[in-house]
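Taken in order, these protein sequences are the chains called A and B. Per the working numbering, the first sequence starts with residue 1, numbered consecutively. Per the working numbering, the second sequence starts with residue 1, numbered consecutively.
Be aware that one or more of the hints could be misleading.
As the list claims (entries may be wrong) - Once the Cα atoms are required to be at most 30 Å apart in a straight line, the calculated DSS-like pairs of lysine-lysine come out as:
1) A:K275 to B:K131
2) A:K270 to B:K82
3) B:K55 to B:K126
4) A:K293 to B:K129
5) B:K131 to B:K9
6) B:K95 to A:K101
7) B:K139 to A:K293
8) A:K101 to B:K82
9) A:K101 to A:K275
10) B:K82 to A:K293
11) B:K95 to B:K55
Stated by the list, open to error - Derived coverage of chain A by chain B (criterion: at least 3 residues anywhere in the stretch with Cβ under 8 Å from a Cβ of chain B; other residues may be distant):
12) 63-76
13) 91-105
14) 299-306
Hints listed in this document are in silico derivations from the structure and should not be mistaken for laboratory results. Source: prediction; values computed, not measured. Using N, Cα and C, we set each Cβ at its ideal position, and we do this for glycine too.
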Amino acid sequence: MRTVIPVENNDALAAVRGFLKQLLEAEVVNALLVPMETPAGTVTPALVADPDLLDAAVPLAPVMGLNTARVVGHVSVREPRGRIGAILRPCELRALVELVKLQQANLEDLVTIGVDCLGTYDVPVYAAMRADGGVDMTAHLSTAQGGELAPQEGYVFRDACQMCEKPHVEEADIVLELFGADLATGIPVSLSDEVAGKLSPPLSPPLGGKEGGGQRAEVVEKVVAARTRVRDARFADIRGQLEREGVEGVFAACVRCHNCMTVCPLCYCKTCLFKSPVFDHEPIQYMNWARRKGAYRLPADTMLFHLTRLNHMVLSCIGCGMCTSDCPAELPVGLVFRAIGQSVQEVFDYVPGRSVEESLPLVTFREDEWMEVGEE
Amino acid sequence: MAEASFEPKIVAFLCNWCTYTGADLAGTSRIQYPPNVRIIRLMCSGSVDPTYVLKPLLDGADGVLIGGCHPGDCHYQSGNYKARRRIIALKEILKNAGYDEDRVWLRWISASEGGRFAETVTQMTKAMKEKGPNPMRRKWAV
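Bound-form chain B, shown alone:
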């Protein structure tokens, strides 16, 4: 694949109550955003085990987006606060383990923020394009 035509693949774990609904709103509102994101719906950002993020990264996904409710808005009261700590730890571990932690994004996007969802995917696609393909794409010995 020529570098110029590189299209990043982004795996997104979105919470059912806020970000997934926000993505839905972006669609029903016909807001344009890049088709580079593959969405997986979860009930809560607090249910994102680090393994879910690591597996696509090691298999060559160019970015992983975790989307949850804004602080204070979690449907389960505290799932997003726990997710915040878990993702901060995950990124610190990735950085120390020799990987690019900036391929992992955590964003709070509410059910009413269809525009913010589209904007986030646009920004992330652009940022991952600038980074180029995830080196793990070619690394078989992991």
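Isolated chain A, as found in the complex:
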């Protein structure tokens, strides 16, 4: 059913907290994975079992320090564990779908609570905003109704958010439908009748199609169109640069810190090839390479790292852009992955994050495909 969580005193945050408390108190879930404000004032996901602690929950805070799907995997992958609710942005929901397919997360007894995303800030930007008088949440949330998404004056959204054409929740067990809604008065929510029936006090009766500011489809369409324009322009720029300079030009300033790999929600291998001794070459080997090419970049195998990661991850890249956010050299890692990903995903007719039913392209095959390949 679709209904509205009423908002009082223009306090949408309190309304969402109240709804989350209801989920815990009615034992729809045994614990909630939700962004929390730490005593130090920063935001981090936490698995919350005590409803009283949800007073510190900040499920609408526009900051993204990690893709939460990564930790959803940690808390869900094996049973027994109890029933968990996870508050996730659209890019986190998409990452979760890929992690399930990579067998790194488990949807059994997991209630996904998707929240439309109005754009997020990098952690240092968010900290600067807090130091400078705070984030104007009323203004931020007011952009949902008309879809005029914009960062607070003087600040910028994360690079990935600026070109995100999927900021709306497409599928989740419970959806907080921010787009198109007047969040000063109520938050439209979609959930199953079963879950709704357990809540106390009961939610308002179901809404008709467009009640409660339900212009969601139109607003989403408008946001998607605007973001797609930005995305396509960015893609054209980076494709041109890749064509002219290659990966070694675009990633020339890479320091091989592996942050992009560490923060990628999908790069899950416990024993990554690039953290293994495989590339600890013998000293004489470096000398040979230096003689052969005249000089040899160190640390060695830097572009090999990026090209290998592209091969391993690009088909599943859901575009959260954490790699860009956490790159100390400010390289456009996420943009490269998204632009190349678009081409490669098209070859396999694969949309990462769309459905757990669709096999990962590199673990499946059809006998009668690409029959001409290899026969030349």
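Knowing the structure of chain A, use the given hints to seat chain B on it.
Then chain B, alone, in the frame of chain A:
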């Protein structure tokens, strides 16, 4: 090295059951083919990680050949089907990343096709000669 005397270096990853045995047959049958290929035997084309292909290319090899069993003939049932998808993805990535994907060849060559193996190496050597040296030979900052 003068351009005229350029001899390409080709690294070949051949599956144990078909293409490597086909190469062996080319040898025992005394079929002539260019000495430009350096063969590495693997158990299956499905065990070729993209890294194996990328490393020689970035270090300046002029071409990489992956040889496996014809579709339907894989000793492990499906390794070559998986290799096919992986190499298609790899070439698409190379193309988009600003590299020449035509330096990577995937060919199905059976254990009985010694002639086809020799012919493939001959063709590839010729094609890589026409392309000229891999620019990565001189690029140290990769």
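Problem set entry | Hint consistency between K131 (chain B) and K9 (chain B) [alpha-carbon to alpha-carbon, up to 30 Å] | 12 Å, holds
Problem set entry | Agreement of K82 (chain B) and K293 (chain A) with the hint, judged by alpha carbon distance not exceeding 30 Å | 34 Å, violated
For this session: Examine the region 91-105 of chain A for residues whose CB is less than 8 Å from any CB of chain B, and state whether their number is three or more.
Result: This one is violated; 0 residues, fewer than the three required, reach chain B with a Cβ under 8 Å.
Exercise. Is the Cα-Cα distance between K139 (chain B) and K293 (chain A) 30 Å or less?
Worked result: Holds - the C-alpha atoms of K293 (chain A) and K139 (chain B) are around 7 Å apart, at most 30 Å.
For this session: For the pair supplied as a hint, K101 (chain A) and K82 (chain B), confirm whether the alpha-carbon distance does not exceed 30 Å.
Result: 17 Å, holds
Problem set entry | Pair hint outcome, K55 (chain B) versus K126 (chain B) [Cα-Cα no greater than 30 Å] | At roughly 22 Å apart (the allowed maximum being 30 Å), K126 (chain B) and K55 (chain B) satisfy the hint.
Problem set entry | Pair hint outcome, K270 (chain A) versus K82 (chain B) [Cα-Cα no greater than 30 Å] | 23 Å, holds
Problem set entry | chain B covers the region 63-76 of chain A, three or more CB atoms within 8 Å, holds or violated | Our answer is that it is violated, as 0 residues pass the Cβ test (under 8 Å) against chain B, missing three.
Problem set entry | Verdict on chain B covering the region 299-306 of chain A, criterion of 3 CB contacts below 8 Å | holds (count 4)
Problem set entry | Pair hint outcome, K95 (chain B) versus K101 (chain A) [Cα-Cα no greater than 30 Å] | 27 Å, holds
Exercise. Taken at face value, is the distance from the CA of K131 (chain B) to the CA of K275 (chain A) at most 30 Å?
Worked result: 35 Å, violated
Exercise. Is K101 (chain A) close enough to K275 (chain A), meaning Cα to Cα at most 30 Å?
Worked result: 24 Å, holds
The structure fails to meet hints 1, 10, 12 and 13 from the earlier list, while all remaining hints are met.
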